[in-house]
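> Next come the chains, spelled out residue by residue.
Number of protein chains: 2
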Amino acid sequence: MSGANKNAEKFNWKQGFTIDFDMVTGLSKSEAQTSVRFTSNMRGMFADEAALEELITNGDPMVYEFYEMGAPEKEGDLAIGTSITYPGKVGNEYFMTRGHFHTILETAEVYYCLSGNGYMLIENPEGDWSAHELFPGEMIYVPPRYAHRSINTGTVPMMTFFCFRGDAGHDYGTIETKGYRKLLVEKDGKVEIIDNPKWK
Amino acid sequence: MSGANKNAEKFNWKQGFTIDFDMVTGLSKSEAQTSVRFTSNMRGMFADEAALEELITNGDPMVYEFYEMGAPEKEGDLAIGTSITYPGKVGNEYFMTRGHFHTILETAEVYYCLSGNGYMLIENPEGDWSAHELFPGEMIYVPPRYAHRSINTGTVPMMTFFCFRGDAGHDYGTIETKGYRKLLVEKDGKVEIIDNPKWK
Numbered sequence: 002m003s004g005a006n007k008n009a010e011k012f013n014w015k016q017g018f019t020i021d022f023d024m025v026t027g028l029s030k031s032e033a034q035t036s037v038r039f040t041s042n043m044r045g046m047f048a049d050e051a052a053l054e055e056l057i058t059n060g061d062p063m064v065y066e067f068y069e070m071g072a073p074e075k076e077g078d079l080a081i082g083t084s085i086t087y088p089g090k091v092g093n094e095y096f097m098t099r100g101h102f103h104t105i106l107e108t109a110e111v112y113y114c115l116s117g118n119g120y121m122l123i124e125n126p127e128g129d130w131s132a133h134e135l136f137p138g139e140m141i142y143v144p145p146r147y148a149h150r151s152i153n154t155g156t157v158p159m160m161t162f163f164c165f166r167g168d169a170g171h172d173y174g175t176i177e178t179k180g181y182r183k184l185l186v187e188k189d190g191k192v193e194i195i196d197n198p199k200w201k
Numbered sequence: 002m003s004g005a006n007k008n009a010e011k012f013n014w015k016q017g018f019t020i021d022f023d024m025v026t027g028l029s030k031s032e033a034q035t036s037v038r039f040t041s042n043m044r045g046m047f048a049d050e051a052a053l054e055e056l057i058t059n060g061d062p063m064v065y066e067f068y069e070m071g072a073p074e075k076e077g078d079l080a081i082g083t084s085i086t087y088p089g090k091v092g093n094e095y096f097m098t099r100g101h102f103h104t105i106l107e108t109a110e111v112y113y114c115l116s117g118n119g120y121m122l123i124e125n126p127e128g129d130w131s132a133h134e135l136f137p138g139e140m141i142y143v144p145p146r147y148a149h150r151s152i153n154t155g156t157v158p159m160m161t162f163f164c165f166r167g168d169a170g171h172d173y174g175t176i177e178t179k180g181y182r183k184l185l186v187e188k189d190g191k192v193e194i195i196d197n198p199k200w201k
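For the protein sequence lines, the chains are Z and G, in the order given.
All the letters of the first sequence, read from the start, carry residue numbers 2 to 201 under the numbering used here.
All the letters of the second sequence, read from the start, carry residue numbers 2 to 201 under the numbering used here.
All clues given are correct.
Copies of the same chain are indistinguishable here, so a pair counts whether it falls within one copy or spans any two.
Below are the SDA-like pairs computed for lysine to any residue, each with C-alpha atoms no more than 20 Å apart in a straight line:
(1) K75 <-> L106
(2) K75 <-> T104
(3) K11 <-> E74
(4) K75 <-> E107
(5) K15 <-> A132
(6) K30 <-> S116
(7) K11 <-> S131
(8) K201 <-> A48
(9) K15 <-> I105
(10) K75 <-> G170
(11) K75 <-> R146
(12) K15 <-> P126
(13) K183 <-> M43
Hints in this document: simulated from the structure, not taken from any laboratory.
Chain Z extracted, bound-state conformation (with noise of 0.2 Å):
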C-alpha cells in the first residue's frame, strides 16, 4: 500500500524488473513478501460473529494473503501482485478479503484468475452491485468506482493476478463502517446471494 513498504526497494521501478509468481500457489520465490489477513484479522467482517471467534480460538486459519509491492504512488506506475484467498467459510459464508474502494475512487482494477475459483463482489457508492464468478482463465475488469472484494467459493485457494493505477490507494475503512449489500453464503450446497443483514 505505501511506497515506503518492505518490498519497495527490492526491486528497480526506475529501469524494470522481472519477478516469479507462482501460477498455481501464487506466491513468489523472489524476496517479495506477502501482506497476511488471519481470522484474527477480520472481526466485524462476518455476518456470523460467533462462529468467527471460534475459528480464532481454534488455530486462527490465513483467510488470504497477497503482495504489496510498494509501486511508485504515482499516476504513471502501477501497482501489481498477486491475492490468493483460501478456501473455507465462517458460519455458512464463505472466506474473502475485506474489500476495498480506491482512495482516487475513479480508477480501475484488474484481475486475472489462475487457479481455484470464486467470485469478485463489487458496488458503488450509489448501490449499483454484481457478482463476477472466476475461475482459471477468467478476468474480471472492475470499473472505476467500484468496491471489490475476492470470495472463495471453492475448496481450493482462489489466485488472482492483479494490477492497478500506482497511485489509487487503498480505502478499507468505507467497507468495514458500512460493509457490502450483498454476502455470498453456502446453502444446500450451492453460492447464494443474499442481502448483508448489518448493511448500513
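Chain Z is already provided as a structure; the job is to place chain G on it using the hints.
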C-alpha cells in the same frame, strides 16, 4: 488502440465485466477479436530483409496477435488483454512484436507470462536498455518511459497478459523510424543479444 475499436462496445466498461483468456493459447472464446500481424506487416522491422520477403512469399506466417479491447481512453481506466508472439525466425532473428513507446511516455506497463518463453526488450529514449527473460509465471514491470517489445525465443507460442493505463496510447512511429538499439538472434543454438546495425 482506439476506444472506438471493434471490441470496445462488446464489454461493459462502466459496470464491469469478465472475459476468458485461455492460459495456454491466450485466445478468448468471447466476442473479442485479436489484431493480427503477419510477416507482410513487419517490413522494415527485421535486419534480414531478404529473409523476410522470402517468408512473405512462402505463406506469410502470422508473427503475433493481441487484444485491443477498446478500454476507455481515460487515466482512471486500464487497457488489458493478451499478446501472443509465435515461434519463428527471420534469418537468425527471432519473431517479435513491433514494440512501442506509450504516447504518454510516463506510463508503465505490466506483462505476466503464462505460456511459452522468450524475452521482453526494453529501452528508454536516453539509451538505457535491458532484455528480460520471460517464462510461465514470470512477470515484467516495464517502467514509465521505456519502449517494449516481446520476442519469442522458444518453440511454442509465447503468451502474456498485459495491463496499462487506458489513456497511455501507442507510439509505434519512433521505433519504426529508429529501430531498437539491440537485436535478439540465434547463434549456435543460443540466444545472443547484438547491436542493431540499422539503428539510427
